[in-house]
Amino acid sequence: MTQVIWDGLFVGSFYALIALGYSMVYGIIKLLNFAHGDIYMLGAFIGFAALTSVGGIPASLSLVALLIVMLLSMLLTGVAGVVIERLAYRPLRSAPRLAVLITAVGASFSLEYGISAIAGPNPRSFPVRLEGGVFDFIGARISLPQIILMVIAALLMFWLNTYVQRTSTGRAMRSIALDMKGSLLMGVNVDAVITRTFFIGSALAGAAGVMAGAYYGKIDFLMGFIIGLKAFTAAVIGGIGNIKGAMLGGLVLGLVEAIGSDLFGGQWRDVFAFGVLILFLTLRPTGILGERVTERV
Amino acid sequence: MKFGKRGTALLGIATAVLLVSSGCSGGLLGGGNDSSGSSDTGPIKLGMVAPTSGSSAPTGVYMKNGAQLAVDEINKAGGILDGRKLELIVADGACDAQQAVAAANKLVSSGVAVSVGGYCSGATLPTLPIFAKADVPMIIPAANSQDLVKQGLKNVFLINGTGMQQSTAALEFIKKQGYATVALVDDNTSYSKDITTETQKQIEADGAAKVVLNTSVTAGESDYSAVVRDIMSKNPALVYWTAYYQEGGLVINQLKQAGYSGAIMVADGSVDPSLPKIAGAASEGVFATMTQTPETLEGADAAKWIASYKTAFGADPGPYSTQSYDAVRVAAEAIKKAGNTKGADIIKALEGIDGFKMFSGPLKFTPEHTLSSGGFVILEIKDGKFVLKDSLS
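Top to bottom, those sequences are chains S and R. Take the first sequence: its letters are residues 465 to 761, numbered as in the working numbering. Take the second sequence: its letters are residues 152 to 544, numbered as in the working numbering.
Extracted from the complex, chain R is given alone in its bound form (with noise of 0.2 Å):
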């Protein structure tokens, strides 16, 4: 979601890269269509592309950990279609629309049978006809913009829930708390746009509150002054923040000190626990619109799980730790219905997959291949950490 910076200040490289890599990536996408998925012996290979340097890095750790333990878990109990083994091969996208190319045109080479890749909406996307030329179908974990399934390809499935899907859980909770006045910013990114253009849709299709301001900011920058005093003169009961923490942090710092008293909300690409850590005491009481995160997972099967996941890696899991892991196990169960590696027969499986359980629920999907139940709870900011304050059921 993020675009390239540095793409777009040294145009004159990045111009010369592009012409190199694009040059290559036509022969590697010629080669990759022979070899994808159709080999029948050997393990499977499952393709990822996530974020492993630039500033989204942090989040392609928990998505690779995520993926390597329910390929790990399969493979310790057999692997699938007659004991062929998974093997994980991740590529780093960097959350940047050139690198995520070249990293899904390397996948594709390599023969990955399924991707279970994805984090940036605005990286993921010119990745998808990549990956449908080469009739590999995309399970995508993270990225979650209503952009990736406009175009109707028929290999993209969304496990994560749609910026509809939240903008919806958004308005619920607005109307339960009574905010009669909301402000939406978002960073002008692919999945922050989508989340605020769809919530202001709602909330004035619903009557309930009203918009009274709707702005972008510049990610990466420090000073946040000029969104805060357009908020500050509007005055909202509550600001709904769609883009990311680092940026997240800054502003809802920026808007306490500036005297705001109204409530925050975060959207879920502003959950992680840094957010807290970089707004300080601000963050206290702040509200998230988040699908279920390995901290508030209750229960006995997700504390074996955790536990499970900090042996394999020595760190405890983060976001979309858990829809990785998943993304892997419905690839696995999808390979296994359709008893071959081929695309198309892939597809037709994963269509029919009713009830599956998932940590976000049982799983099915629409006819446009997102969830049937985007699974979006609130959250709140308490002691430094996000608990869950509302599951919207």
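One chain only, chain S, in its complex shape (with noise of 0.2 Å):
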């Protein structure tokens, strides 16, 4: 059982890292970024052109190395947000919701298949690998790439929710959320905050990219896909808009898949993760953190 709960929460950490994205973007412009999880597959392509230029690396600085990448990666990503935010969505702030929700979905497919033409369909092993220990932990095994790596997310997801709650950014992402009219009258940049939030959301998505590059070993352009749906749902699950509620949202859903598939046998592991979306959406739709809005005339 200990298994499967470290199982869960490994996962989960990774859900919770792009799932903060999705999360920063909805609660400041109720815009749902599908290309989110293409951002996270783009940052593992980063961080893969970024390994291979460099050549043979030396087991012993890999991690270093992969660290200087990973913030490489997350400046590049950043970039790439700004960018997708400043051509395809700023232009169509002002119009109906399922605009630019298409309009996403569009940002994705030129994501995933810019990366195809680029790249190649064929998938890529990524040329750094996290190896290490493996040991015993009251009946789990647990190895110690999955400890740098979940180390590096918590303190990610630690920085974050002090920029947003202690710096002024970050007062004016929340009252963004709150009311974008009304900051913008008492002298917000709203522009400016929006564009910070897409390189925050999507810096965050590349490091997770490149981390599952160096774990898993394997990286293609649709990678992004399935991960970024599960971190939608995470989102919802935690309560969409709320930072804390995206972090929490991401283990629980990791959690609910590993136990569920322990359960039932892993090939109901998906049938878990969309059913507890659904439960979600019918009984709480605020979410486990989320807090009930009220419907202004």
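Honestly, I wouldn't trust all of these hints.
Said to hold, decoys possible - So the derived label-pair ranges between C-beta atoms look like this:
| # | chain 1 | residue 1 | chain 2 | residue 2 | range |
| --- | --- | --- | --- | --- | --- |
| 1 | R | D223 | S | L556 | 44 to 54 Å |
| 2 | S | R550 | R | S384 | 44 to 54 Å |
| 3 | S | F622 | R | G358 | 30 to 40 Å |
| 4 | R | G535 | S | Y577 | 47 to 57 Å |
Worth flagging that the hints you see were computed from the coordinates, not collected in a lab. Note that CB positions come from ideal geometry on N, CA and C, so glycine has one too.
From these two lone chains plus the hints, build me the complex, please.
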């Protein structure tokens, strides 16, 4: 059972990292950014390109190299997120929601098949892999790379939470989420804050992409699709628009999947993941931590 | 065999697209009936639905090139039916049922005489009635699900070994190696499920081994810890993975990381140079049930063929290059024998073929239009490459 919980938490921390970007963007401009999962894929490919161009990296330095590449990839995916927002979403900010949603799907396809055209449709194996010892912890097999990745994810999420709660930009983000027009009237530079939101959300997904590449060892241009859906589910479970909710939702989804598949067999895993989504949407659409929104007339 | 991943998620859009495309296809189909294969002059058109986009795109290229090589060779030798040239038309099926149907309609309306394509069984299946209606014989080089011939359509011929033949080969190897317990893992696609179901049936009928687990994964994910835990708890002597190499590589790697020490075998969909790269060192010693690939072919003829493929396309041949090459040659042979390009005559000629030389051995179709011998062998990964382990003969 400890193994099941550990596996669930490990996958859940990936979901959480990606769910954050979904949730932040939704919280601020009420947009379901379907291209977000593909930003994760983009991050993995940037990491792949950077590591391949450097050439052989001695195993002792692989963690350092990965961290540097991860930062580079976060920077670039952040910029990519900003560019997508500027080109595809900003011109449509006052358009009906459906139009923006379809644009997001278009952005997603553009990223997927753009990468497929540039890097080829073949899956690539990541040049650097995290290797490390395996040890036993009350009945669970835990490997060093898993711990390293979870620590990185936790640090990123901790930093984000502080940023949103303690800085003036964070305050501006929260105020836009509450009332965009009001914030504008109070002198908040709404466009700049939205840009920054996209940068941070995309950078987190980019980091998750590099981590997934280094841990699982395979990347391909469609890798962002399912995990994007799962992260969206996690964001809904936690309460979409709520940052702590996204983190919690990721871990909860990971655990639900692991426990469900342990009880009923591995083929039921996704049934559980998306069944939980449906349950939440019917019984508690605001998610675990979401607040009830009163409809304004 | 893969289902449109996008399609399920974006149901609304998909439905809209479907409405539009099905509206068109009626018209195309109507047009296709008149023109298909009945023209008596000009080049004879061969159609191929193969994935040239999507996650199976690499294989599409191997198939296209293999078929093109055969077309070029036949044309260089003067064509068939008094000097008529062959012309290959490739349409992208993307390994997706809807796209494949659109591609098949396109081929039918451009008047192909014979179809020589079909990679993903799940995407090939819905194209069968389209070709059947237009009286176009299909020589399917790669797709090999039992479902393809179950309907008993007269125009469908498989020149790849079927799932049943693959399962027989798997069972033979299991008995040879003396594995007592077997876990079967598929990805819930037509092709993959076909092999696990059939293998389980055959193992149970034989009684020499025991199936301790038969489970499925979802393709397109990275984390397969759930199925790995399932397998570890049953601790079988052999894990037989019957889906594709992308996920196969991940599952093999994660199994070894979890401490699995038994044997692993994969089916032909996982036999790709990328598998050992994705799985890394964990893939050493992994077995595979596979028909002959260009890498495992031996002898002077094979070397010459590989060399001419390389000169033509500047790349090595891959999985299903040989089968696609053979599909075109079989089609040409049947048209030659039929003396015209009428569907019914070509089908009769195909049924009558006996001993035509192909890479997988002499060709003769069973009454179900499958190969009379599957030609499956066992490969093993050594130093990151698939090499012949046991030819099972």
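key: Violating hint indices (sorted, rising)   = 3, 4
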